[in-house]
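Which chain is which? The protein sequence lines are W and X, in order. The numbering used here numbers the first residue of the first sequence as 1 and each following residue consecutively. The numbering used here numbers the first residue of the second sequence as 1 and each following residue consecutively.
If you're looking for bench data, these hints aren't it; they were derived computationally from the structure. Backbone N, C-alpha and C define an ideal beta-carbon position, used for all residues, glycine too. Mixed in with the good hints, there may be bad ones.
Stated by the list, open to error - Covered by chain X, per the in silico footprint, the following chain W stretches (three or more residues, Cβ under 8 Å):
#1 18-32
#2 62-74
#3 79-86
Said to hold, decoys possible - A few chain X residues facing chain W, derived, Cβ under 10 Å:
#4 6
#5 15
#6 16
#7 36
#8 65
#9 96
#10 104
#11 113
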Amino acid sequence: DAGVTQSPTHLIKTRGQQVTLRCSPISGHKSVSWYQQVLGQGPQFIFQYYEKEERGRGNFPDRFSARQFPNYSSELNVNALLLGDSALYLCASSSNNNSPLHFGNGTRLTVT
Amino acid sequence: DQQVKQNSPSLSVQEGRISILNCDYTNSMFDYFLWYKKYPAEGPTFLISISSIKDKNEDGRFTVFLNKSAKHLSLHIVPSQPGDSAVYFCAASVGANNNDMRFGAGTRLTVKP
Numbered sequence: 001d002a003g004v005t006q007s008p009t010h011l012i013k014t015r016g017q018q019v020t021l022r023c024s025p026i027s028g029h030k031s032v033s034w035y036q037q038v039l040g041q042g043p044q045f046i047f048q049y050y051e052k053e054e055r056g057r058g059n060f061p062d063r064f065s066a067r068q069f070p071n072y073s074s075e076l077n078v079n080a081l082l083l084g085d086s087a088l089y090l091c092a093s094s095s096n097n098n099s100p101l102h103f104g105n106g107t108r109l110t111v112t
Numbered sequence: 001d002q003q004v005k006q007n008s009p010s011l012s013v014q015e016g017r018i019s020i021l022n023c024d025y026t027n028s029m030f031d032y033f034l035w036y037k038k039y040p041a042e043g044p045t046f047l048i049s050i051s052s053i054k055d056k057n058e059d060g061r062f063t064v065f066l067n068k069s070a071k072h073l074s075l076h077i078v079p080s081q082p083g084d085s086a087v088y089f090c091a092a093s094v095g096a097n098n099n100d101m102r103f104g105a106g107t108r109l110t111v112k113p
C-alpha cells in the first residue's frame with residue numbers, strides 16, 4: 001500500500017510569495033494533519049482535518065490555511081511568505097482520531 | 001512554550017547494549033504519549049505509545065516507561081542494533097487524539113557496530 005505522499009519534495013520561494021503544498025493520505029484514512037518542523041526542533045502542529053472539516057488549529061498566523069477534499073487529500077497554503085517559514089512541512093494521516101499518525105516524507109520549503 | 005523536552009540531543013551506544021532515551025513533559029493534562037523514529041529524508045515513523053493508565057508498554061525490543069509523578073517517560077531499546085540509528089521524537093497529547101500533538105526536539109541515536 002502507498003504511504004502518505006507529499007508534493008513537491010522541495011520548493012524555493014521568495015519572501016512575500018504564496019505556496020501550496022499537497023498531501024495524499026493513506027487509502028482509507030480520513031484524517032489529515034499538517035506539521036511544521038524547523039531545523040533542530042520537533043514537528044509543530046498546524047492543522048488537522050477529519051472528514052473534510054477542520055478539527056484543530058495550532059498557534060500559526062492566518063497566513064496559514066488548509067483544506068481537505070472529498071477524496072481526503074489536502075492542501076496547505078501559506079501566504080505572504082517570511083524567511084521564518086523555511087521548514088520541513090509534514091503531512092500525516094490516520095484512520096480515525098485515536099490512531100497513530102502516519103507521516104509523509106515532507107516538503108522542504110526554503111524562503112529566500 | 002516547550003511542553004515536551006528531550007534534553008539529550010544525541011546518544012551513542014554500542015551494538016547489543018541498551019539504549020535509553022528520555023523525555024520530560026510539563027503539562028499534567030497530557031495522558032497519551034508516543035515515540036517516533038525518523039531517518040534522514042523520511043517522515044517520522046510511529047514506534048510505540050502508552051496511555052497514562054499504564055506505566056509500561058512493551059513491543060519487541062522497544063519498551064516505554066511512564067512515570068506520571070515525575071512527568072517523565074523513557075524509551076528502552078534492547079538490544080540496540082545499527083539499524084536503530086535515527087532521530088527519536090517523544091510526543092504527547094491530551095487524549096488519544098492526534099489533534100495538536102506536542103513533540104520534543106528529538107534525540108539522535110547512534111548505534112556503533
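Inset, instruction - Output the numbers, in ascending order, of every earlier hint that fails for this structure. - result: 1, 2, 3, 5, 6, 8, 11
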